[in-house]
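Could you build the full structure based on these sequences and the hints that come with them?
Now for the letters of each chain:
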Amino acid sequence: MLQRKTDIGPPHYSKFLPPIIKENYGKWKYHEIPRPGVLMHVADNGAKLYSVRAGSPRLLSTFKIRKYAELADKYCDGYLRFTSRHNVEFLLTKEENINPLIADLNALGHPVGGTGNSITSIVHTQGWIHCHSAATDASGIVKAVMDDNIEYFKTMVLPGKLRIALACCLNMCGAVHCSDIAILGIHRRPPKINKVNLPKMCEIPNVVASCPTAAIRPVVYDGKPSVEILEDKCMFCANCFTVCPALPLADPLNDGVSIWIGGKVSNARHEPMFSKLAIPFIPNNPPRWPEVTGAIRKIVELWAKNAHKHERMGEWIERIGWPKFFRMSGIEFQKEHIDDFKYAGLTYKRSAHLTY
Amino acid sequence: MAVDKKYDTPMLDELEKGEWPSFVKEIKAAAEWNAMSNDLLGLLEQSYSEKMGHWKHGGIVGVMGYGGGIIGRYTDLPEKYPNISHFHTLRINMPSGWFYTSEALRTLCDIWDAHGSGLTNMHGSTGDIIFLGTRTEELEPVFNKLTAAGFDLGGSGSDVRTPSCCCGKARCEWACYDTMALTHFITNKFQDELHRPAFPYKMKFKMSGCPNDCVASVARSDISIIGTWRDEIQVDMQKVREYAKNGTDIVKEIVMMCPGKCIEWDGKDLNIDNSSCLHCMHCINVMPKALAPGKDRGAVVLVGSKAPIVEGALLSSVMIPFMKIEEPFDEMEFWKLIENMWDLWCEEGKNRERIGEFIQRVGMGNFLDSVGLEPIAEMVAHPRENPYVFYEEYFEEGEEVEK
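Protein chains in written order, with my numbering: chain E, 1 to 356; chain Z, 1 to 403.
Derived from the structure by calculation, the hints contain no laboratory data.
Note that CB positions come from ideal geometry on N, CA and C, so glycine has one too.
There may be inaccurate statements among the hints.
As the list claims (entries may be wrong) - In silico negatives: residues of chain Z with every beta carbon more than 10 Å from chain E: (1) 138; (2) 231; (3) 251; (4) 322; (5) 327; (6) 371; (7) 399.
Stated by the list, open to error - Each computed DSS-like pair below joins lysine-lysine, with the alpha-carbon atoms no more than 30 Å apart: (8) Z:239 x E:29; (9) Z:261 x Z:245; (10) E:161 x Z:336; (11) E:27 x Z:17; (12) Z:239 x E:309; (13) Z:295 x Z:261; (14) Z:350 x E:5; (15) E:305 x E:335; (16) E:309 x E:298; (17) Z:245 x E:48; (18) E:67 x Z:25; (19) E:305 x Z:336; (20) E:161 x Z:350; (21) Z:350 x E:349; (22) E:305 x Z:295; (23) E:192 x Z:350; (24) Z:350 x E:276; (25) Z:289 x E:154.
Here is the structure:
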C-alpha cells in the first residue's frame, strides 16, 4: 500500500476543454443544425464552435479510439467528446475542416448524424459479451436495428426525436423504461434450482426477499436449507438469480425480447413517461433478429407517417389512444398486455372515451 | 500477447455487413493481437449459435482500499476459452461531460493495451469509461497506472455510483447551472462513499442543465438535479418574427403544443403568461435564437428513480422545487438534506432497497418529516384519492378546541 494514490476522483474537465469552450463557458447565445450530424454553437461574442457527431458501436477497440484521436489531432487540435448516447463528437473551430472530417469518418465506417429529429445511437447493455444474466444479446440486435434504420440516423426527416434503447434483462440497465422504442430481453421459464450449490452459495432470506411476486419460499431439502419456487407465481424476472447463482434461468428455447414503446425523459410538451408493452415476445434469432428489426421498422414508419410535428411516440399514442394504435399497427393485443402487478387497476380504461 | 488461434465466426461475420459501425469489427481489430479478444470472438459465436450467454455469475474482485469499481467476470467454458477464464471489467470515472483530449485517450489506450483485452465501452450507461476484460492479477497494475495518469475508478455495488451530467455550460445556451462543475464537486465530495460501498443499495446522481434532461436524470438517478428558472422566459421579439417569416407555424408548433397553455401569438407579438409556464422547454427548443430560459436560474431536485426490480420502475419525484446552485458549492444547504436522507435510508432501508422504494414503503409524508422537509403541493401530481389517512394529531377530552 506504499505510495498508493486513492480517492483522487476523475481528472478535472477543464484539462480537456478546447480554448473556444473555456473562453465562452456559459456564454453561448444560440445553436443551429446546419446539416444532419453537425451542430453550430454561437457565443455572445460571435465565436462559433462546430460539433460533428458520428455514430459509434459503443464497444470500441483501442485501435479505433486511437483513430478517433488521430482525427481529433488532424481537424480539431486534439479535442473531442462523447455524448450521453455514446456518439463521438469532434469539436471544431474551422468550418473548412467539417467536410474533410466527415469524409474521413465515413471512410472509417462511422456515419455522421444523430442530431435533431433523427434516430440516434441506441443506448444498450452488455448482452452475451459480458453479462451473466442476459436473456438476449445487446450489440447484435443494436447493430441489426441501426443498419435497418440508418437513413433515419443520417437525416432529420422524422416528426420528432425517436430514442431506441435495449436492455438484455429485466434489470433494465440504461434507458429502456423511458424510451420511444425499447427492446427488452426476457425469460419465459422459471429458474432451475441447483440444490447442491444453493446452500453453499446463497443467503436464503435474500433470495426470498428478492422476488417481486413472493413466489419463493424457504424449504429444507435433504436436511439442508434450500428454496422452492411456486411456478404459477413466477414471472421469470430473474432477480432471484441476481442474488443467488444457484438459480439459473437462461433457456435458449424460451428466452427472447419484448418491445416497449412510448417513453420519454424530457419535459418538453409532455411530462416524462414510461415505455409501455407493445409486443410481449419475439424469439431470439441471431445474428440479425429479423423479426425484431421488422417490428421496429413498422412502428417507426407508422409513427413517422401519422404523428404531428414535434410529437414523440408516446404523445402521438396518447392522442390517438392505444386501441387505435393496435388497430393501425396490426399488432395483436393479448392478455400479456394487461398489467397484473400491484397497481394494475390504474392502467385499466375507466371511461367511455373510446374510438371505434 | 500472442494470438495463436482463429475461430470460424460465420454468424458474427454477418454483423460486419451493413452501414452502422460494427462491434464485430472492433472485437476483430483487438483479436488481431490480443488473445483475450480472440477468445471472446469464439465465445460470442458459440453464444450466437446456442442463443445463450456463457458467463458465470459474479465473482468478487477489486483493488486494495476500494470495495467497488471492478466487475468480476469468468466464463463457464474456461477450458475451451482459457484466455477469458477471467474477463473482469474496470469502471473508470470519466471527466465531467465526457470531454477528452487525444492525448488523454492515448494514455488510456496505452494502459489498457498493456494490461487488458484492448476492448472498451465508451461509455457505460452510468457514464464510466469501461475497460472490458482483464485478469485479476492485472487489476492492481492497471489501477496504479491509472492513478499515476490522473484517473480513478468509478463506482459499483451498493455505493455512490459515478455521477454524470450533460455538457451544460460548456456547450449549451440552455444550461441553468454549471452541471459539469457540480458533478466534479459531488464526485470528489463523496469519494469515500463512491469507493467503499456502505449503503443498503446503489445511489446515483445525475445532473441535467435544463428540463430537456439530456442525461435522463429523472429516469436513471436516485438524485436528479434538473436545471430550471423562476423568472420570465427571455424573448427577442424580432427573432420570433423571423422564425414566423421563415416558416415556423407558431400557432401550431408552439401555441397549441404548450402544456401550460400560456402562450399567445397574434402574428406580430408573442405573449407568454410566465406565471402559468411549466418550464417544459418546448418553445425554447423550437426557437433557440429567439427564446431563452430566464435569468433567475437554479434547479429542481427530484429523488427516487430506478429500474423495475423489485417493486416496479419509478421516476424521480420533486423534493425541492427550486434551489440556487452557485459556488462555493460546499456551502449549499443541500448537503444537509443528502446527509439526512442517507442517515435515514442507511438506518432503516432494507437490504437492496433503493431510496425510491424506501420512500414508497415508509410513506413520503414520514420520509419528509424525518429528513426535515416541509410537505408542499409541488411534490405531488395530485392529492391522495383514498381516505386511508394516518392522523397523528387528535383532541383529548376536555381540551380547549380552537374555534
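Evaluation of the provided hints:
Here residue 138 of chain Z stays apart from chain E, with its beta-carbon at least about 15 Å from theirs, past the 10 Å limit. Every C-beta of chain E lies more than 10 Å from that of residue 231 of chain Z, the closest at about 18 Å, which supports listing it as non-interface. With a closest Cβ-Cβ approach of about 12 Å to chain E, residue 251 of chain Z is found to remain outside the 10 Å limit, as its non-interface label requires. The Cβ of residue 322 of chain Z sits about 15 Å from the closest Cβ of chain E, beyond the 10 Å cut-off, so the non-interface label holds.
Here residue 327 of chain Z stays apart from chain E, with its beta-carbon at least about 12 Å from theirs, past the 10 Å limit. The Cβ of residue 371 of chain Z lies farther than 10 Å from every Cβ of chain E, with a closest approach of about 24 Å, so its non-interface assignment holds. Separation of residue 399 of chain Z from chain E is adequate, the least Cβ-Cβ distance of about 39 Å exceeding the 10 Å criterion. The hinted pair formed by residue 239 of chain Z and residue 29 of chain E meets the criterion: a straight-line CA distance of about 13 Å does not exceed 30 Å.
Restraint check for residue 261 of chain Z and residue 245 of chain Z: satisfied, since their Cα atoms lie roughly 23 Å apart, inside the 30 Å limit. At roughly 38 Å between alpha-carbon atoms, residue 161 of chain E and residue 336 of chain Z are farther apart than 30 Å, so this suggested pair is violated. Only pairs whose Cα atoms come within 30 Å are accepted, and residue 27 of chain E paired with residue 17 of chain Z is rejected, the gap being roughly 44 Å. For the given pair, residue 239 of chain Z sits about 21 Å from residue 309 of chain E by alpha-carbon distance, which is consistent with the 30 Å threshold.
Proximity of residue 295 of chain Z to residue 261 of chain Z is assessed by CA-CA distance (about 22 Å); at most 30 Å being required, the pair is judged to hold. Of the supplied pair hints, the one linking residue 350 of chain Z and residue 5 of chain E is violated, its CA atoms being roughly 34 Å apart against a limit of 30 Å. For the suggested pair residue 305 of chain E and residue 335 of chain E, the alpha carbons sit about 28 Å apart, so the restraint of at most 30 Å is met. About 19 Å separates the Cα atoms of residue 309 of chain E and residue 298 of chain E, which keeps this hinted pair within 30 Å; it holds.
For the proposed pair residue 245 of chain Z and residue 48 of chain E, the alpha carbon gap of about 25 Å is at most 30 Å, so the pair holds. Using a Cα cut-off of 30 Å, the hinted pair residue 67 of chain E and residue 25 of chain Z holds, with the two alpha carbons roughly 14 Å apart. A distance of roughly 51 Å separates the Cα atoms of residue 305 of chain E and residue 336 of chain Z; the hinted pair therefore is violated under the 30 Å criterion. Taking the CA atoms of residue 161 of chain E and residue 350 of chain Z, the gap is about 39 Å. The hint is violated against a cut of 30 Å.
Distance hint between residue 350 of chain Z and residue 349 of chain E is unfulfilled; the C-alpha atoms sit about 35 Å from each other, more than 30 Å. Taken as a hint, the residue 305 of chain E and residue 295 of chain Z pair is broken in the structure, with Cα atoms around 39 Å apart against an allowance of 30 Å. A hinted pair counts as satisfied when its Cα atoms are at most 30 Å apart, and residue 192 of chain E with residue 350 of chain Z qualifies at roughly 27 Å. Distance restraint check for residue 350 of chain Z and residue 276 of chain E: the Cα-Cα separation of roughly 29 Å lies within the 30 Å cut-off, and the hinted pair is therefore satisfied.
Between residue 289 of chain Z and residue 154 of chain E the alpha-carbon distance is near 24 Å, which keeps this suggested pair within the 30 Å criterion.
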